[in-house]
Structure formats: structure tokens, C-alpha cells
Amino acid sequence: MLCPCEKKNKDCCLVPDISSEQIFRRVEPVLREMEKTGVLIDVDRIKQLNRQVGRRIDKLKKDILSDLGTEINLDSPSQLADLLFNQLKLPTEDIRRTQSGYSTAAGELYKIKHAHPAIPKILKYREFTKLVSTYLEPLPKLVDERDRLHTHYAQDARTGRISSSEPNLQNIPIKGTYGADIRKTIVAGKGNKLVSADYSQIELRIIACFSGDRQMMDAFNKNIDVHTRTASLLFHKPEGKISKEERRFAKTINFGVLYGMSPFGLSQALNIPQEMAAKFIFEYFHNHQGIKEYIEETTYRARKTGAVETIFGFKRKLFNIKSDNRILREADERMAVNTPIQGSAAEILKLAMITLNQKLDIKNQKQKDSSALPQNDMDARPRLILTVHDELVVECPEKQAKEVAKLMEEVMENVVKLCVPIKVEVGIGDNWAASK
DNA sequence: AACTAGGCT
DNA sequence: GTATAAGCCTAGTTG
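FYI, the numbering for the first sequence is 15 to 450, going by the numbering used here.
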């Protein structure tokens with residue numbers, strides 16, 4: 015048992031006595047089982063969406079090419095950049111460069127969206143072609159005879175996070191015009207429900223605990239929205255008077271801190287002057303002394319030992335932390351801060367998966383014994399089907415959904431005890447979007 | 001294979 | 001003066 019918040023009394027946290035290596039090993043069979051189970055998708059609905067979005071792409075493409083007055087390949091960034099910036103001479107002063115020329119990334123085109131009627135259409139075209147080429151076209155081709163998708167899960171060697179490939183089920187759309195529609199195509203089988211459980215702001219809770227920052231700990235302990243608390247300190251207003259915009263700013267800064275964001279990065283993210291961004295960051299660290307000291311302490315220790323580690327002792331070596339090359343050194347400093355947070359969150363989730371699977375197995379055994387379910391119906395029992403960094407999804411018979419939701423919440427919230435509460439949000443639905 | 005872009009947490 | 005937010009996977013173009 016080791017308490018991660020070293021600045022405070024030793025017993026405020028309870029971390030099970032298990033190593034990161036053991037977690038790594040014991041989650042593997044859980045992952046293999048999830049791959050085997052697979053997730054059910056509504057193939058007809060995907061094909062329908064494919065046709066629908068495809069028609070909009072065709073129309074956009076026609077409009078864009080007629081607006082631009084030439085035949086170029088819209089999927090070629092280099093052809094597009096040459097046309098927009100060299101031939102049509104659209105303003106370039108705010109446009110980032112790539113190795114080859116001007117960038118046509120969405121964020122850059124957005125800055126000049128009024129400079130030419132084709133620009134907003136190009137942005138839509140990009141959004142829709144992404145959905146078709148990455149999701150709507152490939153997914154139906156990857157299903158088995160029962161319309162289930164079987165991904166491959168792997169554990170990342172640098173942070174311990176779980177990744178998903180062929181297909182990647184961890185980047186199924188949720189935002190944007192058709193995002194929710196696509197997520198709705200991941201469905202529960204007949205008579206089943208999907209139960210989704212999300213850790214609420216797990217990474218911020220971890221940094222609150224590791225740093226012992228008074229304001230952040232206080233917000234979590236009193237169940238005050240942490241972004242609203244940050245906004246309240248930043249804008250010198252009571253929490254009740256914080257606007258949506260102010261909360262959004264605070265949220266971006268809170269996440270920025272986890273990643274080591276600079277004034278430049280913040281100014282880009284919020285679309286504000288760099289000076290203002292610098293002021294926000296200064297003010298943030300003034301209000302959150304604990305976080306400031308934690309970051310200094312972590313990078314200092316990384317320099318001394320050449321590595322950082324997570325709550326269960328997973329180590330990441332940082333080869334450039336003492337480099338004379340500022341670019342490389344600062345990249346390692348950001349990893350030094352981020353890896354223990356992201357990696358610890360990954361371990362907490364994996365330990366919850368191991369524990370949850372154990373309890374589901376025990377439950378399944380009992381169900382079988384009391385013959386509450388048909389003996390050979392492999393589908394009629396709760397199974398983990400998805401894991402997405404801070405979320406787990408279980409598919410289970412409708413009748414068990416509430417019970418399973420409760421179990422997931424209980425297991426995930428108590429698998430470790432930090433010096434702030436861990437909160438989980440659960441939902442039940444017929445598809446992935448509805449279960450949140 | 002490198003580059004650019006973009007989906008998710 | 002220069003680059004600038006952690007981690008992952010996939011797709012299309014280019015040479």
C-alpha cells in the first residue's frame with residue numbers, strides 16, 4: 015500500500031498491492047475475451063448512412079469545383095494549398111506552414127472561411143469524406159456472420175493505455191453532423207442492453223490527488239464542478255455567475271495543464287491573443303499553487319532519475335529530459351507531467367476491468383446454477399465489450415441491466431481510493447449513444 | 001514510406 | 001530566433 019500524495023498524511027489513499035506488470039498480465043485475458051465477444055453493429059443503418067452522406071459529398075464536390083473553377087483533386091492537400099494560396103491568393107498571414115507549403119488543416123481553413131465561398135464547403139467535404147472512408151465504408155466489411163465486429167486490443171508500451179485496431183473502436187464518431195448517428199449503429203443484441211460507465215474527470219482527480227492542490231481537492235471533495243471552480247478563481251466571480259464561455263475557457267486550461275500547454279497553444283485553442291493566454295496561465299498557477307509545485311517537482315525528479323512512474327509503478331524512461339536541445343527537452347518535460355497521470359488512469363481502468371470481469375464471472379456462475387438462464391445461450395449473460403480509456407461498456411440481458419450498472423459503478427469507483435472521491439457515470443440504452 | 005489530415009479519450 | 005498540447009489508429013496522396 016503506497017500513498018501517491020506524498021505531501022500529506024500517509025493514509026489518505028488506498029492502493030491495492032499489485033504491480034503494474036501484474037495488472038498488465040491479468041488484463042490480457044479480459045481483452046482477448048472482449049475481442050472474441052465483439053460488438054454488434056446495425057449494418058443496414060450504416061449502409062443507409064453511407065448512401066446519405068455519399069450524396070451530400072457528391073453535391074459538395076460539384077459545388078466546390080465549380081466555385082473554384084478548376085479540376086483539382088480535393089483529397090490532395092498539396093493541390094488544394096497551391097490553388098487556394100498561390101493561384102487564388104487567399105490571405106496567408108495566419109496560415110501555418112507544413113514542410114511542403116501552406117497547411118490546409120481544418121483549423122487553418124477556418125481562419126479564412128469568409129475569404130472564399132468554397133472554404134466552408136471544403137470543411138464539410140472533409141468532415142463527410144472522413145466519415146465515409148474511415149467508418150461507413152470499412153465497418154460493414156469487417157463484421158462476422160452475426161454482424162459483430164472483433165477489434166484487436168493492445169497495451170501501449172509508453173503509457174500503459176489500451177489501444178484498439180482493425181477496426182479501431184476507440185475513435186467511433188460522437189460529435190459533428192453525423193457523429194451521434196454513427197455511434198447509434200453500435201447496438202445491443204436482441205433482448206439485451208448496453209451499459210456504459212464513464213469515469214468522470216479521472217485525470218483531473220488524479221492530478222488533484224497527486225499534487226494535493228487545495229482548490230482542486232476542495233472542488234472534488236465538495237462535488238463542485240471543477241471547471242466552474244477554476245473559472246470562478248480565474249475570473250474572480252462566484253461559481254453561480256460563471257457563463258458557459260467562461261467555463262469553456264477554464265476547461266481548456268485545466269486540460270491544457272495535463273498536457274503542458276504553452277501560451278501559444280492556449281491562444282490557438284481559445285482563439286485569443288497570446289498575451290491574454292499567458293495571463294490566464296499565470297493566474298491559473300497562482301490560484302493552483304499545488305499544481306504548480308507538482309509540475310516543478312515531477313520534472314525535477316524526472317531530470318534526476320531519467321524516468322517517471324505511475325501509481326502502480328509503471329516506468330517510462332525519458333531520454334531527452336536533460337538534452338541541450340530545447341525542443342526535445344521540453345517534449346520530455348510534457349511527457350514527464352502527462353505520463354504519470356494518463357498512465358495511472360489507464361491502470362485504474364484496467365484494474366477495474368479485471369475486478370469487474372471476476373465479479374461478472376461469479377455472477378454468471380450463480381445464474382447458471384439457479385438455471386435462471388438457458389444453459390447454452392452464450393449471449394444471455396453480461397459481457398464486457400468495449401473499453402475506451404475512461405469508459406467501459408457491457409452488453410447484458412435487459413433484465414440484468416440495472417444490476418450490472420450498479421456493479422460497474424461500485425467496482426470502478428472503489429478499485430482504488432484516492433484522496434478525492436472517484437465518480438462514475440452510468441447509463442443504459444439500446445445503442446452506444448443512448449447508453450450515455 | 002513519408003506526409004498531411006482527422007477521428008476519439 | 002524557433003516551435004509551441006498527451007496518447008492512439010486510419011486513410012488518401014505523393015514520389
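Incorrect hints may appear among the rest.
[Unchecked claim] Label pairs and their calculated CB-CB ranges:
| hint | residue 1 | residue 2 | range |
| --- | --- | --- | --- |
| 1 | ALA171 | LEU342 | 18 to 24 angstroms |
| 2 | PRO30 | LEU342 | 32 to 38 angstroms |
| 3 | GLU424 | HIS130 | 25 to 31 angstroms |
| 4 | THR319 | GLY193 | 28 to 34 angstroms |
| 5 | VAL57 | LYS144 | 33 to 39 angstroms |
| 6 | ASN87 | GLU253 | 50 to 56 angstroms |
| 7 | ASP158 | ARG39 | 26 to 32 angstroms |
[To be verified] Once the Cα atoms are required to be at most 27 angstroms apart in a straight line, the calculated DSSO-like pairs of lysine-lysine come out as:
| hint | residue 1 | residue 2 |
| --- | --- | --- |
| 8 | LYS75 | LYS127 |
| 9 | LYS331 | LYS306 |
| 10 | LYS431 | LYS373 |
By construction, these hints were calculated from the structure, which means they are not laboratory data.
In this text, a Cβ means the ideal position worked out from N, Cα and C, and glycines have one as well.
Status of the hints after comparison with the structure:
Distance hint for ALA171 and LEU342: a CB-CB separation of about 20 angstroms, consistent with the stated range 18 to 24 angstroms. With their beta carbons about 36 angstroms apart, PRO30 and LEU342 fall inside the hinted range of 32 to 38 angstroms. Range check, GLU424 to HIS130: about 55 angstroms between beta-carbon atoms, so the 25 to 31 angstroms window is missed. Hint check: THR319 to GLY193, Cβ distance near 42 angstroms, so the stated range 28 to 34 angstroms is violated.
Between VAL57 and LYS144, the C-beta spacing of about 20 angstroms breaks the proposed range 33 to 39 angstroms. Checking the proposed 50 to 56 angstroms range against ASN87 and GLU253 shows it holds: the Cβ atoms sit about 51 angstroms from each other. The beta-carbon spacing between ASP158 and ARG39, approximately 28 angstroms, falls within the hinted interval of 26 to 32 angstroms. For the proposed pair LYS75 and LYS127, the alpha carbon gap of about 17 angstroms is at most 27 angstroms, so the pair holds.
Our distance criterion of 27 angstroms between C-alpha atoms is met by LYS331 and LYS306, whose separation comes to about 22 angstroms. With a C-alpha separation of about 19 angstroms, the suggested pairing of LYS431 with LYS373 holds against the 27 angstroms cut-off.
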